[in-house]
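For chain G, the structure is supplied; the task is to place chain D on it using the hints.
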Amino acid sequence: MKKNVKENIGLVFANIFFIVICFLTLVPILYAFSVSLNSNNSLLSSDFSFIPRHVTFQNYLAVFTEEPILLWLKNSLILAVVTLVLSLSTGIPAAYVFSRKRFPGRKPILRILILLYAFPSLLSMTALYKLLSPMGLINTKLGLIIVYTGTEAVFALWNMKGYFDTIPVEIEEAAMIDGASPLQIVMRIVMPLAKPTIAVTAMMVLIYVWNEYIFAINFMTGTDTYTLAGGLYSLQATEMSGSWPIFAAASIIVSIPILIVFFALQKNMAAGLTSGGVKG
Amino acid sequence: MKKKKKNILFAYGWAAPSLLLILLIVIFPIIYTGYISLTNMNVYHWNNYDIIGLDNYKDALFVLDNGFIKAFGMTVLWTVVSMVLQLVLAFIIANLLNIKKLRLRNVYKTLLIFPWAMPGYVSILLWKTGMFNSQFGLLNQWMEKLGFSSVKWLNTNFLAFCCCTVVNLWLALPFMITIIDGALQSIDKSYYESALLDGASWFERTVYITIPMIRQIIAPSVVITVFTTFKQFDVIYLLTQQVGAKTGADIHTIMTYAYEKAFITNNYGYSSAISVIIFLILIAFSIVTNLKPKEEGAV
Chain G
1 MKKNVKENIG LVFANIFFIV ICFLTLVPIL YAFSVSLNSN NSLLSSDFSF IPRHVTFQNY
61 LAVFTEEPIL LWLKNSLILA VVTLVLSLST GIPAAYVFSR KRFPGRKPIL RILILLYAFP
121 SLLSMTALYK LLSPMGLINT KLGLIIVYTG TEAVFALWNM KGYFDTIPVE IEEAAMIDGA
181 SPLQIVMRIV MPLAKPTIAV TAMMVLIYVW NEYIFAINFM TGTDTYTLAG GLYSLQATEM
241 SGSWPIFAAA SIIVSIPILI VFFALQKNMA AGLTSGGVKG
Chain D
1 MKKKKKNILF AYGWAAPSLL LILLIVIFPI IYTGYISLTN MNVYHWNNYD IIGLDNYKDA
61 LFVLDNGFIK AFGMTVLWTV VSMVLQLVLA FIIANLLNIK KLRLRNVYKT LLIFPWAMPG
121 YVSILLWKTG MFNSQFGLLN QWMEKLGFSS VKWLNTNFLA FCCCTVVNLW LALPFMITII
181 DGALQSIDKS YYESALLDGA SWFERTVYIT IPMIRQIIAP SVVITVFTTF KQFDVIYLLT
241 QQVGAKTGAD IHTIMTYAYE KAFITNNYGY SSAISVIIFL ILIAFSIVTN LKPKEEGAV
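Residue numbers (our numbering), protein chains in the order written: chain G, 1 to 280; chain D, 1 to 299.
Next up, chain G with everything else stripped away, as it sits in the complex (with noise of 0.2 Å):
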C-alpha cells in the first residue's frame, strides 16, 4: 500500500516535471507563432499573453504580399530538384557498385569519403568563391547548384550504399543467373528494395538545400536570386527597420513543410539511426 502512494506521487512529480519541460521546449515556437497571428500593436505591451487577444492573419498576409518569398520559393524549389536529380542519379549507380562489388581501390575510396563527410563545405568557401567567379557561376543558380550537389553528392553515396549492404544479395545473384543484366538487376529488383533509403536520401537533399543560407548570402546577392533561406535570413537582418510579426509568420511558413516532412519520416529515421550506413 505505502508503495503505492509512493509510486503515485513519484508519477505526478514526473508528469508534472514534463509538463514544465515541454512548455520551455516549445516556448520560442509559442511565441513566434503568436506574435505571427498578433495585430502589430499589442505586441510591445508588457502583459503580453501566448494566446493572441486580436487574431489576424495580416501578416501572414503580408509575407506574401509584401515580400518576394513565391520568387524565393521557386528559386530553393529550382536548386532542390536539380540537387536531388544530379546527386541520386550519379549517387544510385556509384552506391550500388561499392556496396555490390569487390575492386581495388575500394577501400580508400570510402576512407577518403568518410574524411571528406566531416569536411564541412564552409571550410572551402574561398576556394569555390575563387573557382566560380571567373566562370560568371557566382549570382547564378548554377553556381550554388555546384556546390550543393558536392556536398550532397558525398552523402547520397555513403547513405545509400549503407542500406544497399543490408539488401541480401541472394535476389539478384538468382537474377544473374536467369540471365538479367546489371541494368535490369538495378532497375527491376534492387530499386525496389531500396525505396525506403531513396525517399529518406532525397528528403534529407531536399532539406538540405531548403535550410542552406550561408552559401546562399554569399554567393547571391539580389533579392531575386535569394532562396528561402537566404531571403528569410535577409527579412531578420534589418531587424532595426523590419518586422518582427511578418519575420516570425515567415519562419513559421518557411518550416512547416519541413515539420511535416520530419513527422512523416520520422520511422525511417528512427531506424536508420539504429541500422543505416554502419558497416564500411
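No wet-lab data here; the hints were simulated from the structure.
Heads up, a few of these hints could be off.
Restraint-style ranges between C-beta atoms, simulated for each label pair [unchecked claim]:
| hint | chain 1 | residue 1 | chain 2 | residue 2 | range |
| --- | --- | --- | --- | --- | --- |
| 1 | D | L159 | G | L61 | 36 to 44 Å |
| 2 | G | M135 | D | G73 | 37 to 45 Å |
| 3 | D | F28 | G | I16 | 52 to 60 Å |
| 4 | G | V81 | D | P212 | 31 to 39 Å |
| 5 | D | I283 | G | E7 | 31 to 39 Å |
| 6 | G | P108 | D | I264 | 34 to 42 Å |
| 7 | D | N106 | G | L61 | 45 to 53 Å |
| 8 | D | A245 | G | M135 | 27 to 35 Å |
| 9 | D | L9 | G | F263 | 41 to 49 Å |
| 10 | G | V55 | D | L159 | 31 to 39 Å |
| 11 | G | M135 | D | I264 | 21 to 29 Å |
| 12 | D | A245 | G | I16 | 36 to 44 Å |
| 13 | G | P196 | D | V243 | 19 to 27 Å |
Below, simulated DSSO-like cross-link-like pairs (lysine-lysine); rule was C-alpha separation at most 30 Å, straight line [claimed, not checked]:
| hint | chain 1 | residue 1 | chain 2 | residue 2 |
| --- | --- | --- | --- | --- |
| 14 | G | K101 | G | K195 |
| 15 | D | K3 | G | K101 |
| 16 | D | K58 | D | K231 |
| 17 | D | K246 | G | K130 |
| 18 | D | K189 | G | K6 |
| 19 | D | K231 | G | K141 |
| 20 | D | K6 | G | K101 |
| 21 | G | K3 | D | K109 |
| 22 | D | K189 | G | K3 |
| 23 | G | K6 | D | K246 |
Output of the computed footprint for chain G on chain D, the stretches with three or more beta carbons under 8 Å from beta carbons of chain G [to be verified]:
| hint | region |
| --- | --- |
| 24 | 19-30 |
| 25 | 62-76 |
| 26 | 111-122 |
| 27 | 125-138 |
| 28 | 246-260 |
| 29 | 267-281 |
The beta carbon of each residue, even a glycine, is placed where N, CA and C say it ideally should be.
Frame of chain G, contents of chain D only:
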C-alpha cells in the same frame, strides 16, 4: 582473369559520375584551399598574390594575438560544456520517460522532439529575436515583470556563451534523448529485476547496470555529436556575429573564426590556412575514434 578485369571496369564505370563529381566539386576545392593557404591572397591581392610558404600557418599557430589559439580553446570548452550538459540532461530525461506507468510518454516524446524537426537556422533566428532581443525578447519581458532591469543577453562574452550553449542544447537534446531512450529500451529488464531482489538502490542500478549497458550502444552517436558540436557554426554566428548585426560579444569557435577571416576581414590566405588546420584536426579525430558515419541522424 578477363572476367575480373571486366568487373573492375564495370564498377568504375558505374561509380565514375559520382566520383568525378566529388573529385571536381569537393576534393579539388579542398586542394585549392591548401594552395591558397600558402599565398598572401587577400582583398588587395585578389589576383596578384604571391606564394609566401608556411607564413600563414606560423601566424595562426605561434602568434597568440591573432586569436586562433584562443578560438581553439573556446571550441574545446564549448564542446566539453555542451557534451557534458547534453549527456547528463538527456540521460535524466530519457530515464524519466521510461518510468513504468507514465501514460503520456509518447505525447511528451513528440513535443520534446520538436526542436529537432524545425529548420535549425529558423530556430536560432527565432531565439535571437523572440527570446534574447533586448526590446521585445520574451526573456526581458519576463525580467521586467519580475522587477529586474532588462539585460542585453548577447552583448557580453560570458552571457552570450551561456545563451549560445542553451540554444545549442535546445537544438541537440532531442537527438540525444532519442538515442538514449532507444538504448534504455534495449536493456533486458531481467537485470533490473534481479538487482531489485538484491536490494540495489536506483543509484546503484544506474551505475552498475544502465550506464555500462548503454555505453556501447550510444557511443557512435555521441562521437558524431562531438563532431557536430565541434564544427558548430550556425548557433554562434547567427546569434552574435551576423554581418551588420554584431552584438558586441567576442566569442569565436574555430569555424566562426575561419569564416570571419575569409569573408569579413578578407584575409583569404590566412583563413585557408585555418581551414586546413581544422581539416587536419577533424581527420585526426576521426582516425582516433574510427568514425563510421551514421548519416541519417545528422539532420
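Results of checking the hints against the structure:
1. L159(D) - L61(G): 36 to 44 Å: holds (37 Å)
2. M135(G) - G73(D): 37 to 45 Å: Holds - the Cβ-Cβ distance for M135(G) and G73(D), about 39 Å, lies within 37 to 45 Å.
3. F28(D) - I16(G): 52 to 60 Å: holds (57 Å)
4. V81(G) - P212(D): 31 to 39 Å: Violated, since V81(G) and P212(D) (Cβ atoms, about 48 Å apart) do not stay within the stated range.
5. I283(D) - E7(G): 31 to 39 Å: violated (51 Å)
6. P108(G) - I264(D): 34 to 42 Å: holds (38 Å)
7. N106(D) - L61(G): 45 to 53 Å: violated (36 Å)
8. A245(D) - M135(G): 27 to 35 Å: holds (32 Å)
9. L9(D) - F263(G): 41 to 49 Å: holds (45 Å)
10. V55(G) - L159(D): 31 to 39 Å: At roughly 35 Å between Cβ atoms, L159(D) and V55(G) fall inside 31 to 39 Å, so the hint holds.
11. M135(G) - I264(D): 21 to 29 Å: Holds, since M135(G) and I264(D) (Cβ atoms, about 25 Å apart) stay within the stated range.
12. A245(D) - I16(G): 36 to 44 Å: Taking Cβ atoms as reference, A245(D) and I16(G) lie about 39 Å apart, which means the hint holds.
13. P196(G) - V243(D): 19 to 27 Å: violated (41 Å)
14. K101(G) - K195(G): holds (21 Å)
15. K3(D) - K101(G): holds (13 Å)
16. K58(D) - K231(D): Given that 30 Å is the threshold and the Cα spacing comes to 23 Å, the pair holds.
17. K246(D) - K130(G): holds (26 Å)
18. K189(D) - K6(G): It holds: about 22 Å lies between the C-alpha atoms, which stays within 30 Å.
19. K231(D) - K141(G): holds (27 Å)
20. K6(D) - K101(G): holds (12 Å)
21. K3(G) - K109(D): The given pair, whose Cα atoms are some 27 Å apart, holds under the 30 Å limit.
22. K189(D) - K3(G): holds (20 Å)
23. K6(G) - K246(D): violated (52 Å)
24. 19-30: Answer holds; 10 residues pass the 8 Å Cβ test.
25. 62-76: violated (count 0)
26. 111-122: With 12 residues in contact (Cβ-Cβ under 8 Å with chain G), the coverage given for the region 111-122 of chain D holds.
27. 125-138: holds (count 11)
28. 246-260: holds (count 3)
29. 267-281: Coverage by chain G holds here, the residue count being 6 at a Cβ distance below 8 Å.
When held up to the earlier numbered hints, the structure conflicts with 4, 5, 7, 13, 23 and 25 and fits the remainder.
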